[in-house]
Amino acid sequence: MTTQATTGDAEARLQEHFDATIGRDQRIEPRDWMPDGYRRTLIRQIAQHAHSEIIGMQPEGQWITRAPSLRRKAILLAKVQDEAGHGLYLYSAAETLGADRAELTEMLIDGRQKYSSIFNYPTLTFADVGVIGWLVDGAAICNQVPLCRSSYGPYARAMIRICKEESFHQRQGYELLLTMMRGTDAQREMVQDAVNRWWWPSLMMFGPPDDASPNSARSMAWKIKRHSNDELRQRFVDMTVPQAEKLGVTLPDPELRWNDERGHYDFGAPDWDELRRVISGDGPCNAERIARRRAAHEEGAWVREAAAAYAAKRAAGRRAAA
Amino acid sequence: MTTQATTGDAEARLQEHFDATIGRDQRIEPRDWMPDGYRRTLIRQIAQHAHSEIIGMQPEGQWITRAPSLRRKAILLAKVQDEAGHGLYLYSAAETLGADRAELTEMLIDGRQKYSSIFNYPTLTFADVGVIGWLVDGAAICNQVPLCRSSYGPYARAMIRICKEESFHQRQGYELLLTMMRGTDAQREMVQDAVNRWWWPSLMMFGPPDDASPNSARSMAWKIKRHSNDELRQRFVDMTVPQAEKLGVTLPDPELRWNDERGHYDFGAPDWDELRRVISGDGPCNAERIARRRAAHEEGAWVREAAAAYAAKRAAGRRAAA
Amino acid sequence: GAELGAYCLALGDDALISAQRLAEWCARAPDLEEEMALANIGLDLLGQARMLYTRAGQADGSGRDEDDLAYFRDPAEFRNVRLAELPNGDFAFTIVRLLALSAWRLAVFTRLTASPDPVLAAVAAKGVKELAYHRQYAAEWAVRLGDGTEESRRRMVRAMEEVAPYLEELYAAETCTTIGEEVEAVLRQVAGEAGLAWPRVRPLPGSGRDGGHTEHLAPLLAELQGTARAFPGAAW
Amino acid sequence: GAELGAYCLALGDDALISAQRLAEWCARAPDLEEEMALANIGLDLLGQARMLYTRAGQADGSGRDEDDLAYFRDPAEFRNVRLAELPNGDFAFTIVRLLALSAWRLAVFTRLTASPDPVLAAVAAKGVKELAYHRQYAAEWAVRLGDGTEESRRRMVRAMEEVAPYLEELYAAETCTTIGEEVEAVLRQVAGEAGLAWPRVRPLPGSGRDGGHTEHLAPLLAELQGTARAFPGAAW
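Protein chains in written order, with the working numbering: chain A, 1 to 322; chain B, 1 to 322; chain C, 1 to 236; chain D, 1 to 236.
What the hints contain is simulated information worked out from the structure, not anything from laboratory work.
C-beta: ideal position from N, C-alpha, C; glycine also.
Some clues are possibly wrong.
Claimed, not checked - Distance windows between CB atoms, simulated:
{"#": "1", "chain 1": "B", "residue 1": "E106", "chain 2": "C", "residue 2": "A235", "range": "40 to 50 Å"}
{"#": "2", "chain 1": "B", "residue 1": "G248", "chain 2": "D", "residue 2": "R188", "range": "46 to 56 Å"}
{"#": "3", "chain 1": "C", "residue 1": "G61", "chain 2": "B", "residue 2": "G248", "range": "33 to 43 Å"}
{"#": "4", "chain 1": "B", "residue 1": "D32", "chain 2": "D", "residue 2": "R188", "range": "55 to 65 Å"}
As the list claims (entries may be wrong) - A short list of chain B residues far from chain D (calculated; beta carbon distances all over 10 Å):
{"#": "5", "residue": "S92"}
{"#": "6", "residue": "R112"}
{"#": "7", "residue": "H297"}
Claimed, not checked - Cross-link-like lysine to aspartate or glutamate pairs, in silico, EDC-like; alpha carbons within 20 Å at most:
{"#": "8", "chain 1": "B", "residue 1": "K313", "chain 2": "C", "residue 2": "E151"}
{"#": "9", "chain 1": "A", "residue 1": "K313", "chain 2": "D", "residue 2": "E151"}
{"#": "10", "chain 1": "A", "residue 1": "K313", "chain 2": "D", "residue 2": "E24"}
{"#": "11", "chain 1": "A", "residue 1": "K313", "chain 2": "D", "residue 2": "E140"}
{"#": "12", "chain 1": "B", "residue 1": "K223", "chain 2": "B", "residue 2": "D9"}
The following block holds chain A by itself, in its conformation from the complex:
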């Protein structure tokens, strides 16, 4: 019994030290002790974020081969490459918590882990590329900037780099839209149509309303999460409305208006049923996104096996030579 008591004592001390570190707004590092729940929650969150970057390559990526100018083609190819890079950093951050990238990939293609629902909407025209940059990346940044102060060091550092690149993408998306709005009528219509389709899904990116978001409290206590869904959504709307005005597009919400009293824009409620449907797998492109990811994974299996076999042979060769 002594041993158990001692273990209990030791764990209590570790917990105390952990709590104090969080309390001082200092970072937890991979070598530090951490509660299991913290580790599990973080792995799930980071993996989901990594999966979102990877799945997020698809909706825009299909326009690389169809981009209407070489400059836009290069910008888009670079952006999608950045997303692959973000996926890589994030999987690495998850690996510092003991997760395995191959396993996380399996969980993604089995549907055991989620990714951001926004990527289950179709990209129908080249204007979608601009609107995704402006609204989707914009919303992502609102969500992610606070994560640069996440209590977990590797995640926070990955987020700093990612946020920097995301803001760059957002500016590029907005700039594309500005250019298109100065173009032909057909281009302006295309932009407005894209805004109509992406506005509500973008608002849903902040998750369900606070009163329907049960896990948030603990994540906030752990400083994995720093603001509530509704706070971030409001921040996004306040930031975006003036940009829409400058662009000359109409946001498709008749309830959208400035509220002098609150010092914020009022806005309508997204269709939360739709969000539930998309999260639960019935969005317009869920099945296809996963099928495409699975196909790439399966068709690449022989390549990964070849690389592993080659590495093993070389390692054996080095051992034999030593």
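Using the hints, position chains B, C and D against chain A.
For chains B, C and D alone, kept in the frame of chain A given last:
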């Protein structure tokens, strides 16, 4: 020894009867005795012809989804469907000689049997569809009309039906070209470019010059073949030159001119080295044509297996019920 | 006028897009008989599309001909159901989609033979015979695949699950409410003959009838329209 | 003038078409590292294409800009080698093609650093560093695949046989006769490291440099150019 002598006598009588049938220009039917060489030669020829119809679906078939008007789309789809039908009749004719369609397909995709070299050239524009109809189907008809009098009944009857449809295709191809030549400059250029690319390969469709065609004599004796390669080639040129004039295109042969003495057009020699290369597998599209056929065959294997399994179950069910 | 035109246009779009997908099977089908059958069905649908487009262009007063409508509208102007534009997938998906679309279209055309518009009624009367054959062909293959090998059964099950969420969209735009029941009865019966059960799934929201398409329509149309658009002023 | 323009155009076409094929790997590569590497190589080539097109449009006196040349020429006006336009095939084909094209292009660019045209010399100088990396990347994978598993070896052998007939076309248009030997030496060396032999095959006649392309270029360009052509007068 008596038995052997009797067999020898019997066979001699059969051979005599066979020769007499051929001599009277009557047809050999599947139930009739025929020499092994005749059977083998015919199987090879009919199979090669069937393969040509099947492989011939590819060069034009890829333009069905890209045809520039719904009428042309329907015409082309119907034509390519006819080619599949021709393949079917011809495989059936080969089966009356004891060949097996599945085996013939294997021989095609293994490269053990050939198909017409013309289908190893690429179709680069929609004008190629017209030119293939005009020149390639035109050359095919010159080759095939005599085959309607082939000594082997099932082949002759298949050829009658095929030739009728081919002439229809040829007229449609020529009509497309007439329409295009009355259109824009870009269309006229496209037609001329296609004629430049297809003229020489079309002349090669009649095979090597007579003095380099060793197997022809026996086939002519057997009335499997009725005219020499050079005769048919001349007939094609004589028929085509006035059509080209009416169309307003230039045939790319500086030596082409009317010879009053011969009562025929003189024309230059095709590049026989090119023909040898293409026949031996090194044409521009040989590898792709076979790869595509093989892929369709392999990807369809599970479907054919399912149909066979289902048929077997039903047959077993009927036997059990009986 | 406008309503008849819009209706003919939607039926024409379904037919054109379906024919395009069927044409993609050319030189890729599992057997020569299937090459011929799929091409034949494609030809029937292409013929229906042409007559419906011609009627649409007259009825809506725009005077557009079949090629104007097929080649010079953008993806968002197409009114076909999304099921028609999905990629071909394997032979099982093609068969299940064909079964669903032809069962539905046969039910619709049967009713349209009594259309007050004589042209549409005539198009429907001709189409009914074609569609009965399409449905029969697809049903026979569905049974063969469902009751064939382990692999073909697995593929059939997956195909049914992939097609099912798109069915509601077919019925939703029709005023006649018995069509859905009729189609589902056919699907259940065919699945039953194959020893399978037609799956119950939640319908996918949205509709191609309002111009809400998948990502697959734009590339399909780019291929379909590319040659025609590359030669302005050309005659074919 | 005209000759320099034509030369820059051909080199630009090779780069653009190669970049397009590499971009098709997006979200289809065997691993994330390969997603990034293939995209990165595609970006380098796209950058080279843009500079070469700009130079071509100045040198030939036509004043066409990079987008005029990329988006508003028809297939027969493209001057890329056919090897660049072939479909991606599997990862082995993509690697062997990349190895061959980057070995050749590196040999050419190395010589072009001494071009009398200062712009082309500068483009070449920048490109040499990029191409050395491309060649290195492809060579490493070629060795891994050739000396990996039974399957990867089989695929490598097939890929080499598929690429080899297109090599002569690369050298034929170059005035410098040592380039072919240099490239073949690289290919033989890499194949040797992988325990394979670079195949001896007969070269395929014809050349994309004269506008003689395969059936694959027109669909590739239809996809590449479609959006740009659908919006006349648009700015992007």
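Tested hints:
Judged by the Cβ atoms, the range 40 to 50 Å given for E106(B) and A235(C) holds: they are separated by roughly 45 Å. Between G248(B) and R188(D) the beta carbons are some 52 Å apart, a value that agrees with the proposed interval 46 to 56 Å. The hinted window of 33 to 43 Å between G61(C) and G248(B) holds, with their beta carbons roughly 40 Å apart. The given range of 55 to 65 Å is respected by D32(B) and R188(D), whose C-beta atoms sit roughly 59 Å from each other.
With a least beta-carbon separation of about 31 Å from chain D, S92(B) lies farther than 10 Å from that chain, consistent with its non-interface assignment. Against the 10 Å criterion, R112(B) stays outside the reach of chain D, whose nearest CB is about 19 Å from its own CB. Every Cβ of chain D is farther than 10 Å from the Cβ of H297(B); the closest lies at roughly 18 Å, confirming the non-interface assignment. The hinted pair formed by K313(B) and E151(C) meets the criterion: a straight-line CA distance of about 16 Å does not exceed 20 Å.
With a CA separation close to 16 Å, the supplied pair K313(A) and E151(D) stays within the 20 Å bound. Only pairs whose Cα atoms come within 20 Å are accepted, and K313(A) paired with E24(D) is rejected, the gap being roughly 32 Å. At most 20 Å may separate the alpha-carbon atoms for a hinted pair to count; K313(A) and E140(D) meet this at roughly 15 Å. For the suggested pair K223(B) and D9(B), the alpha carbons sit about 25 Å apart, so the restraint of at most 20 Å is broken.
Hint compliance for this structure: hints 10, 12 are broken, all remaining hints hold.
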